[in-house]
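Undergrad: The chain contents come next:
There are 2 protein chains.
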Amino acid sequence: MKKLKRSSRLVEMTQYLLSRPHTLISLTAFADRYQSAKSSISEDLAIIKEVFEEEGIGELQTLAGAAGGVKYMPHMKESTALEIMEEVCLKLEQPDRVLPGGYLYMTDMLGQPELLADVGRMFATAFMGRRIDVIMTVETKGIPLAYATAACLNIPVVIVRRDNKVTEGSAVSINYVSGSNKRIQTMSLARRALKEESHVLIIDDFMKAGGTIQGMMDLLHEFKATVAGVGVFVESGEVELEERLLEDYVSLAKLTAVDMKTKQTKVVPGNYFKG
Amino acid sequence: MKKLKRSSRLVEMTQYLLSRPHTLISLTAFADRYQSAKSSISEDLAIIKEVFEEEGIGELQTLAGAAGGVKYMPHMKESTALEIMEEVCLKLEQPDRVLPGGYLYMTDMLGQPELLADVGRMFATAFMGRRIDVIMTVETKGIPLAYATAACLNIPVVIVRRDNKVTEGSAVSINYVSGSNKRIQTMSLARRALKEESHVLIIDDFMKAGGTIQGMMDLLHEFKATVAGVGVFVESGEVELEERLLEDYVSLAKLTAVDMKTKQTKVVPGNYFKG
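Residue numbers (my numbering), protein chains in the order written: chain A, 1127 to 1401; chain B, 1127 to 1401.
For reference, chain A alone in the conformation it holds in the complex:
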């Protein structure tokens, strides 16, 4: 790269950091890239750090020493997250979204890249600091949420299949009971898809009693993996407490009431906002 003026270097460094979240970049690498003294690079990083933190874009963690460098960690301010989710809740309350079984139609919203990027940033904020090697979800609707979160945390995604079509070598299958319709279903994951003893963050779009997520946890047990956390976009509060299969999860929104006759629903921000 040709030597840049300071103003151009700031633009380039900003884009470089933003496109490499959770990646340690050494001062030496930056100094080489921009043919500049480390002292100038440090000054630039201080400016970037201040803007990122003031605007709530993310943290710029600097590590001192020979192995040191800088790492950008995407983040979202709680006030920004709440503003976004309050708008989401209003949209989710539109009466034409009520589906049989008390589900909500939200496929359209899960198709919007801007909202997904925001949601990924919220989950990345909620689980920042935990050891996470991989994100797991089950097909189909949780997939974009899992990838949006993975992009912020710079870790891979594995997708559990809802059948046991083994086209990818040996697989582990388990049966689980979906809490909502009480039917026994199968989910499976190829052996090669997940290293044993991984720390796994589970992400899904909707949770009622939690049967599907419990199924993923059982599957993880077969891989000797550790559950690093559970994040769901919307939880349903329309579940008896004794039916709820798990306690420790983060939800961004909560469906608190569904009237199937009038198609009226009530959706409020989830437990993410009670920390």
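If you're looking for bench data, these hints aren't it; they were derived computationally from the structure. Any given hint might turn out to be false.
Each pair may be met inside one copy or between any two copies, as identical chains are not told apart.
Said to hold, decoys possible - The list that follows gives simulated cross-link-like pairs (lysine-lysine, DSBU-like), each with its CA atoms no further than 30 Å apart:
id, residue 1, residue 2
1, LYS1321, LYS1350
2, LYS1267, LYS1128
3, LYS1321, LYS1392
4, LYS1387, LYS1267
5, LYS1400, LYS1164
6, LYS1197, LYS1164
7, LYS1267, LYS1321
8, LYS1203, LYS1128
9, LYS1267, LYS1389
10, LYS1175, LYS1128
11, LYS1217, LYS1164
12, LYS1203, LYS1321
13, LYS1175, LYS1131
14, LYS1164, LYS1350
15, LYS1164, LYS1129
16, LYS1129, LYS1203
17, LYS1131, LYS1164
18, LYS1197, LYS1175
Knowing the structure of chain A, use the given hints to seat chain B on it.
TA: This is chain B only, laid out in the frame that chain A set:
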């Protein structure tokens, strides 16, 4: 937002633009946001534009006039794309990737957020300038590629289901013959998922004869939609010419030979690189 110094403003403007691809931002909006004169904003944008274009990050399109403003369009240099795909081809040639039926195991690669971001940028570059309202894919493995592309183009994704479980209101289903195993299969899309007369970019992970993509095209016909383009990550050259169902597509890599006995494959960069 408080008034920023020029260096901080450059950092903030860079991140603001990068997080809003294909979105027109007026000079007035920037001037208000940063409490600065339009002339200063224009100077800043000129610096950002130069860096983005020199580094091949993207184009910064400026539109003059009252409705004018600036729009960031992610882009990737052909040389960068080729470098990335040559590395991908080498990985795809690893012998343990050959699956029954001449398929390749690439789920692990489609789980990597960094590669997905690169691939999304390649497709965004290939189809830049076309009118595209929405991206379509069929579950499951094409989904991350579709979202990565959608994030660059700032348009929504619709996912076609491989069954006809109608849980989202009325749906359109079609039968199609998968070119590889000649079995009749079903795919369906909820009526509400796609507006009629949309311009649709089809994205998928793997194409052999093209039966699945032809199925999506038939489905689009039912929605009076127009196919704006077809992009596949890997195409298989292991198909007789007369079996190939479509001509007009963009592939990033091409599987040219599979020896099921030795598990040796040959993968080369796709027709993306012959434009």
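Undergrad: Each hint needs a verdict: does it hold in this structure or not?
TA: Hint check results:
| no. | hint | verdict |
| --- | --- | --- |
| 1 | LYS1321 - LYS1350 | within (9 Å within a copy, 45 Å between copies) |
| 2 | LYS1267 - LYS1128 | neither (45 Å within a copy, 40 Å between copies) |
| 3 | LYS1321 - LYS1392 | between (41 Å within a copy, 27 Å between copies) |
| 4 | LYS1387 - LYS1267 | within (26 Å within a copy, 38 Å between copies) |
| 5 | LYS1400 - LYS1164 | neither (42 Å within a copy, 42 Å between copies) |
| 6 | LYS1197 - LYS1164 | within (16 Å within a copy, 33 Å between copies) |
| 7 | LYS1267 - LYS1321 | both (24 Å within a copy, 20 Å between copies) |
| 8 | LYS1203 - LYS1128 | between (36 Å within a copy, 17 Å between copies) |
| 9 | LYS1267 - LYS1389 | within (22 Å within a copy, 35 Å between copies) |
| 10 | LYS1175 - LYS1128 | both (24 Å within a copy, 16 Å between copies) |
| 11 | LYS1217 - LYS1164 | neither (49 Å within a copy, 36 Å between copies) |
| 12 | LYS1203 - LYS1321 | neither (34 Å within a copy, 35 Å between copies) |
| 13 | LYS1175 - LYS1131 | both (19 Å within a copy, 14 Å between copies) |
| 14 | LYS1164 - LYS1350 | neither (44 Å within a copy, 59 Å between copies) |
| 15 | LYS1164 - LYS1129 | both (14 Å within a copy, 28 Å between copies) |
| 16 | LYS1129 - LYS1203 | between (35 Å within a copy, 20 Å between copies) |
| 17 | LYS1131 - LYS1164 | both (15 Å within a copy, 22 Å between copies) |
| 18 | LYS1197 - LYS1175 | both (10 Å within a copy, 25 Å between copies) |
Hints 2, 5, 11, 12, 14, counting from the list given before, are not met by this structure.
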